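Once you've looked at the hints, dock chain B against the given chain A.
Residue numbers (the UniProt record's numbering), protein chains in the order written: chain A, 1 to 214; chain B, 1 to 214.
Take the hints with a grain of salt, since some may be wrong.
List time: in silico EDC-like cross-link candidates among lysine to aspartate or glutamate, alpha-carbon distance up to 20 Å [stated by the list, open to error]:
#	chain 1	residue 1	chain 2	residue 2
1	A	LYS193	B	ASP169
2	A	LYS144	A	GLU84
3	A	LYS193	A	GLU137
4	B	LYS193	A	ASP168
5	A	LYS144	A	ASP63
6	B	LYS193	A	ASP169
7	A	LYS193	B	ASP168
Computed footprint of chain A on chain B; a stretch qualifies when at least three of its residues, placed anywhere within it, have a C-beta under 8 Å from a C-beta of chain A [unchecked claim]:
#	region
8	9-20
9	48-56
10	164-175
11	192-199
Think of the hints as simulated: they come from the structure by calculation, not from any bench. Computed from a predicted model, the values in this text were never measured in an experiment. Here a beta-carbon is modelled for each residue, glycine too, at the ideal position from N, C-alpha and C.
Number of protein chains: 2
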Amino acid sequence: MQTAILLYPGFTALDAVGPFELLHRMPGNETVLVAREPGPVGNDSGNLALVAERTLAETPRPDIVVVPGGPDVRAAADDPAVLEWLRAADAATTWTTSVCTGALVLAAAGLLTGRRATTHWMAMDSLAGHGVRTTGERVVFDGKYVTAAGVSSGIDMALHLLGRIGGDDLAGIVQLMTEYDPQPPYDAGSPDKAPAHLVDFCRGELASEVTPSA
Amino acid sequence: MQTAILLYPGFTALDAVGPFELLHRMPGNETVLVAREPGPVGNDSGNLALVAERTLAETPRPDIVVVPGGPDVRAAADDPAVLEWLRAADAATTWTTSVCTGALVLAAAGLLTGRRATTHWMAMDSLAGHGVRTTGERVVFDGKYVTAAGVSSGIDMALHLLGRIGGDDLAGIVQLMTEYDPQPPYDAGSPDKAPAHLVDFCRGELASEVTPSA
Numbered sequence: 001m002q003t004a005i006l007l008y009p010g011f012t013a014l015d016a017v018g019p020f021e022l023l024h025r026m027p028g029n030e031t032v033l034v035a036r037e038p039g040p041v042g043n044d045s046g047n048l049a050l051v052a053e054r055t056l057a058e059t060p061r062p063d064i065v066v067v068p069g070g071p072d073v074r075a076a077a078d079d080p081a082v083l084e085w086l087r088a089a090d091a092a093t094t095w096t097t098s099v100c101t102g103a104l105v106l107a108a109a110g111l112l113t114g115r116r117a118t119t120h121w122m123a124m125d126s127l128a129g130h131g132v133r134t135t136g137e138r139v140v141f142d143g144k145y146v147t148a149a150g151v152s153s154g155i156d157m158a159l160h161l162l163g164r165i166g167g168d169d170l171a172g173i174v175q176l177m178t179e180y181d182p183q184p185p186y187d188a189g190s191p192d193k194a195p196a197h198l199v200d201f202c203r204g205e206l207a208s209e210v211t212p213s214a
Numbered sequence: 001m002q003t004a005i006l007l008y009p010g011f012t013a014l015d016a017v018g019p020f021e022l023l024h025r026m027p028g029n030e031t032v033l034v035a036r037e038p039g040p041v042g043n044d045s046g047n048l049a050l051v052a053e054r055t056l057a058e059t060p061r062p063d064i065v066v067v068p069g070g071p072d073v074r075a076a077a078d079d080p081a082v083l084e085w086l087r088a089a090d091a092a093t094t095w096t097t098s099v100c101t102g103a104l105v106l107a108a109a110g111l112l113t114g115r116r117a118t119t120h121w122m123a124m125d126s127l128a129g130h131g132v133r134t135t136g137e138r139v140v141f142d143g144k145y146v147t148a149a150g151v152s153s154g155i156d157m158a159l160h161l162l163g164r165i166g167g168d169d170l171a172g173i174v175q176l177m178t179e180y181d182p183q184p185p186y187d188a189g190s191p192d193k194a195p196a197h198l199v200d201f202c203r204g205e206l207a208s209e210v211t212p213s214a
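Chain A on its own, in the form it takes in the complex:
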C-alpha cells in the first residue's frame, strides 16, 4: 500500500502533516510526500518547507492520495500537470482524499462533481461553485472520496481511514500512540461554536487569506 501526500507551493503545513503522522503508522503503508519537482516545497507562510521525496511521475499509482489545502491553492489547482496526475492516480486509488481547501484542487480536477464533500468553512461557497454538494460535517465520505474540513480536521479524517482500512484496533493503537485525546482550552473551532465577533473578524479581516481558485 502506498499513500501519496501532494505538496505544492503555499500548502498549509498541518493539512499535510496531520494525516501523514497517523497514516504512516499503518503497517505496510509506504507514505510519501510528492510534488511536481523533488526538493523543498514552501508552505503558506513561507517559513516552513517540507521536502518532496518523489515527483508525481515517480508516483503514478498510489492507493491513497491526500491533497492538503492552503489559503491560495492556485499553484495546484491551476497546474495542468497536477490535475492530470490527480485524474490518472484517481483512476486506480482506493481512497482519494483532501484536507481543507485541498477539496478545491480535487474539484478543479473534476473529481468531486456532484459529490458530497467539505472544505474549510470559509471556502464552502467556492467549493459549491464547482458543482459539489457541500456539507458542514467535519469528515465526509462519498464512496472512495473523503474530504475533511479546515486544517486540523485531517487528523480526524486519518483516524476514520485507519479504522476503515485496518479496523478499530489499528485506529485505536495509532490514536493512543499519538495521544490524540484533544482538550482544547477554548470551544471556538467552528463557525457554529465560536463567538460571533470572531467569526465576523475572520470573514472580514482574514477573507483574503482564503482566496481559492474557484
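Okay, now just chain B, sitting in the frame of chain A:
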C-alpha cells in the same frame, strides 16, 4: 517576538508542526525551524524531512522555544551543542516548552529538575528519572516551563500559549481558522481511555519505539 522550533534527526513530525501551525499565526511572532546544521532534517520514520532555516548559532535569543519529541531523542539529548543552546536560550526565554518526549531533552539540559512536567504516556518513568515531578495532565504549566503530552498534544499547548500571550480572542481566531473542533471517531487517545488490550499492545510490542535517553 521569535519562536524557535528545534529539529533534530528522529523528531516526530506532528510534534513540531502542530505548535508551528498555530503559533506562527500570532501577529508579530517570527516562527523559525532551527537545527544544529541548516537544511533537511529527517523524522522518526525516515520518510519526511523538514528544512531547518536557521542554525542554533543564528538563533541565540528566541522568546519561545519548542522542543518536539520522538521515539528516540538521543540525537538531541546527547548532543552537547543542543543542550548548551537550550540552556543559553532558556536564560532569556519567555516560554520554554516541549511536546511529547521533547521533555526528555529539556530534562537532559537540566531545565526541568524539580519541576512539574509531562511527556508521552510511555515515557513518564523516564522523565521522572530526571528528577521531574510528572503529572498526567495534557498540558502542564510550571512558571515559564510548559510541557505537553504525546504528539498531538502540542496543538492544545499552542492554544494555551496563544491565550496567555495574546488573549482569548487571538486564541479563538487561530482555533477557528485552523478549524480545531476535534471529533475523533474513537476515544482511545490516552491510556486511561483506550481499551486495555490496546494499552498492553503498545507497552509490549511498541515499547522499543519509545526508548528515550534516561
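Here is how each hint holds up against the structure:
For the proposed pair LYS193/A and ASP169/B, the alpha carbon gap of about 13 Å is at most 20 Å, so the pair holds. Taking the CA atoms of LYS144/A and GLU84/A, the gap is near 19 Å; set against the 20 Å cutoff, the hint holds. Distance restraint check for LYS193/A and GLU137/A: the Cα-Cα separation of roughly 14 Å lies within the 20 Å cut-off, and the hinted pair is therefore satisfied. Our distance criterion of 20 Å between C-alpha atoms is met by LYS193/B and ASP168/A, whose separation comes to about 14 Å.
Among the hinted pairs, LYS144/A with ASP63/A is consistent with the structure: their alpha-carbon atoms are about 11 Å apart, no more than 20 Å. Under the criterion of a C-alpha separation no larger than 20 Å, the hint pairing LYS193/B with ASP169/A is consistent with the structure, at around 13 Å. Restraint check for LYS193/A and ASP168/B: satisfied, since their Cα atoms lie roughly 14 Å apart, inside the 20 Å limit. Using a Cβ-Cβ cut-off of 8 Å, 6 residues of the region 9-20 of chain B lie near chain A, which meets the minimum of three, so the contact claim holds.
Coverage of the region 48-56 of chain B by chain A holds in this model, with 5 residues showing a Cβ closer than 8 Å to a Cβ of that chain against a need of three. Interface restraint, the region 164-175 of chain B with chain A: holds (6 residues with C-beta to C-beta distance below 8 Å; minimum three). Look at the region 192-199 of chain B against chain A: 6 of its residues bring a Cβ nearer than 8 Å to a Cβ of that chain, three or more, so the hint holds.
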